[in-house]
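There are 2 protein chains.
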Amino acid sequence: MFTGLCAFPLTPFHHEKIDFHAFEKLIGNLKQANVESICAMGSTGLYPYLSRDELVKVTESSVGIAGDTPVMVGIGSLRTYDVLKNAEAAQQAGAKALLLAPVSYHPLHDAEVFGLYEKVTAEISIPLCIYENPGVTQFSFSDELYRQVTQLPNVGAIKIPGMPFGDNNANGKIRLSSLRNIVPEHVAIGVSGDKFGALGMHAGCDLWLSVLGGLFPNTVRTMIASSQSTSPQAAIAQSERLTPLWDLFARNKGGMRVMATAAAILGYTEANCLPHPLQPLQGEDKQKLEAILTQLSLD
Amino acid sequence: MFTGLCAFPLTPFHHEKIDFHAFEKLIGNLKQANVESICAMGSTGLYPYLSRDELVKVTESSVGIAGDTPVMVGIGSLRTYDVLKNAEAAQQAGAKALLLAPVSYHPLHDAEVFGLYEKVTAEISIPLCIYENPGVTQFSFSDELYRQVTQLPNVGAIKIPGMPFGDNNANGKIRLSSLRNIVPEHVAIGVSGDKFGALGMHAGCDLWLSVLGGLFPNTVRTMIASSQSTSPQAAIAQSERLTPLWDLFARNKGGMRVMATAAAILGYTEANCLPHPLQPLQGEDKQKLEAILTQLSLD
Numbered sequence: 001m002f003t004g005l006c007a008f009p010l011t012p013f014h015h016e017k018i019d020f021h022a023f024e025k026l027i028g029n030l031k032q033a034n035v036e037s038i039c040a041m042g043s044t045g046l047y048p049y050l051s052r053d054e055l056v057k058v059t060e061s062s063v064g065i066a067g068d069t070p071v072m073v074g075i076g077s078l079r080t081y082d083v084l085k086n087a088e089a090a091q092q093a094g095a096k097a098l099l100l101a102p103v104s105y106h107p108l109h110d111a112e113v114f115g116l117y118e119k120v121t122a123e124i125s126i127p128l129c130i131y132e133n134p135g136v137t138q139f140s141f142s143d144e145l146y147r148q149v150t151q152l153p154n155v156g157a158i159k160i161p162g163m164p165f166g167d168n169n170a171n172g173k174i175r176l177s178s179l180r181n182i183v184p185e186h187v188a189i190g191v192s193g194d195k196f197g198a199l200g201m202h203a204g205c206d207l208w209l210s211v212l213g214g215l216f217p218n219t220v221r222t223m224i225a226s227s228q229s230t231s232p233q234a235a236i237a238q239s240e241r242l243t244p245l246w247d248l249f250a251r252n253k254g255g256m257r258v259m260a261t262a263a264a265i266l267g268y269t270e271a272n273c274l275p276h277p278l279q280p281l282q283g284e285d286k287q288k289l290e291a292i293l294t295q296l297s298l299d
Numbered sequence: 001m002f003t004g005l006c007a008f009p010l011t012p013f014h015h016e017k018i019d020f021h022a023f024e025k026l027i028g029n030l031k032q033a034n035v036e037s038i039c040a041m042g043s044t045g046l047y048p049y050l051s052r053d054e055l056v057k058v059t060e061s062s063v064g065i066a067g068d069t070p071v072m073v074g075i076g077s078l079r080t081y082d083v084l085k086n087a088e089a090a091q092q093a094g095a096k097a098l099l100l101a102p103v104s105y106h107p108l109h110d111a112e113v114f115g116l117y118e119k120v121t122a123e124i125s126i127p128l129c130i131y132e133n134p135g136v137t138q139f140s141f142s143d144e145l146y147r148q149v150t151q152l153p154n155v156g157a158i159k160i161p162g163m164p165f166g167d168n169n170a171n172g173k174i175r176l177s178s179l180r181n182i183v184p185e186h187v188a189i190g191v192s193g194d195k196f197g198a199l200g201m202h203a204g205c206d207l208w209l210s211v212l213g214g215l216f217p218n219t220v221r222t223m224i225a226s227s228q229s230t231s232p233q234a235a236i237a238q239s240e241r242l243t244p245l246w247d248l249f250a251r252n253k254g255g256m257r258v259m260a261t262a263a264a265i266l267g268y269t270e271a272n273c274l275p276h277p278l279q280p281l282q283g284e285d286k287q288k289l290e291a292i293l294t295q296l297s298l299d
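In order, the protein sequence lines correspond to chains C and P. Note that the numbering used here gives residue 2 to position 2 of the first sequence, counting from 1, and the numbers run on in steps of one. Note that the numbering used here gives residue 123 to position 123 of the second sequence, counting from 1, and the numbers run on in steps of one.
Do not take every clue at face value.
Heads up, the list lumps identical chains together, so a pair's fine if it works in one copy or across two of them.
As the list claims (entries may be wrong) - Calculated cross-link-like contacts (lysine to aspartate or glutamate; reagent style EDC-like; alpha-carbon spacing at most 20 Å):
#1 K253 - D53
#2 K119 - E132
#3 K85 - E54
#4 K57 - D82
#5 K253 - E112
Honestly, the hints are just simulated from the structure, not real lab data.
For reference, chain C alone in the conformation it holds in the complex (with noise of 0.2 Å):
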């Protein structure tokens, strides 16, 4: 299942419940676009921030609506206790993969980290896709830990955050092709950080795991299928064509808040669809993203 695009849509909040309408018409949208897969509750789908309760009936409704589309599941949560019962609870529900980050309070040191996927690893019976974005939770993995995880049962991908991976000389192809090395062949290796999904897919990343995809699957579908083809300039043009959005994406820390707006524009969600106390774009961040989505054509 990790292939092309895996898409990273919202779980939408009405008054601090989860709204299920609405998930459920994003969940449609990215089964309709045909999307290789869905990972329910990654970041932008607020994982860390739902009860377990909560966890099992998302992935009730996406697994219901996606059908014979694969849907991973974030599991991630400060105790590994309860990263394990996370684990139970998503594949009794129907996920065909798991999806977890060392989120930490207190930031994790590396043996702190090899221990919680040793652990997670040797109880699970799905894939497991190994997920680094220091942006949310102040780990970095090196090249040295991710052979030691890498290596261990059931890990089916890993989830490198975005880099540049323009030229020979960018860190990220410098990084991808050092993990080719280290990691081994089965474990697929995926790009996230939307800014860099293009390029990072014609560099030869296996997936692209895409916020920007979660609500417009078609056009990063597009753009893979360009970036993996022998002429993938139309890829790397629609990317640029996107700078504006790339940088609402930097100034709200993330692309939660802009998809989460941009989901409410659209008229999947309520207007604010965050629990407090997130919110959604506001001003005039949220009038160029309105611009934005008059301008370019996202579907």
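Dock chain P against chain C, hints included.
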């Protein structure tokens, strides 16, 4: 209650469950030392790792043993909804104050943090301590935000991170003087970051919120008394004597793992008193800590 030493004990674990027997010994030690207040479930007390049921039980246990020593309780959580539930539960269980950091997975914006404190302070009936700890929350308070949040009702104190308070040009001294002009007089300013505690108290902080004091309350109380006297040299010298300990704190991303290991060495807790994936000190760091505990007479 926001004067002198506010002691931050561990919440010790054994086999992934709270070890109430060990916890009661830790609280008993603080009670015996006549600390001015106890913060059960600060960062070192692992508040974000606990379920609401655990928060209630730890609060009840603390209050039962602390008697007339006031107990503050950490209520932070990712969703405001849960923070409010925690606040209600902690108040009902006998807490005399609440500690609230802007806990995040997606790092927060200023407006979101203000919104959090606005909602929470409107619903509580005991004082709140606003807790800045960028090392765990990835959020720093601007002076303007401090001005806004300390005007909210029920705010009793702010807990600022440790900074050099040594001479007139040190940034801690400048910040403290700036905050004194911004923060209403009834709001206490507390120093954390034990390395900076002695000089922070000498520079005029109202209280020292101390991880070291959660295990060694007499040591910290003696330093506070000297810091606030006309001849603070003894406190400054004692803080300098503790440099090997501050170095261990820095190498281990804060004092939590160091104090958990010290508590085990001293027989308060089981050898590993942290919930997985957190780990106590190992190898060389553990040996260094054993040497420190032997050489320095902490109590």
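_For a quick check of understanding: which of the numbered hints are violated here, in increasing order?_
1
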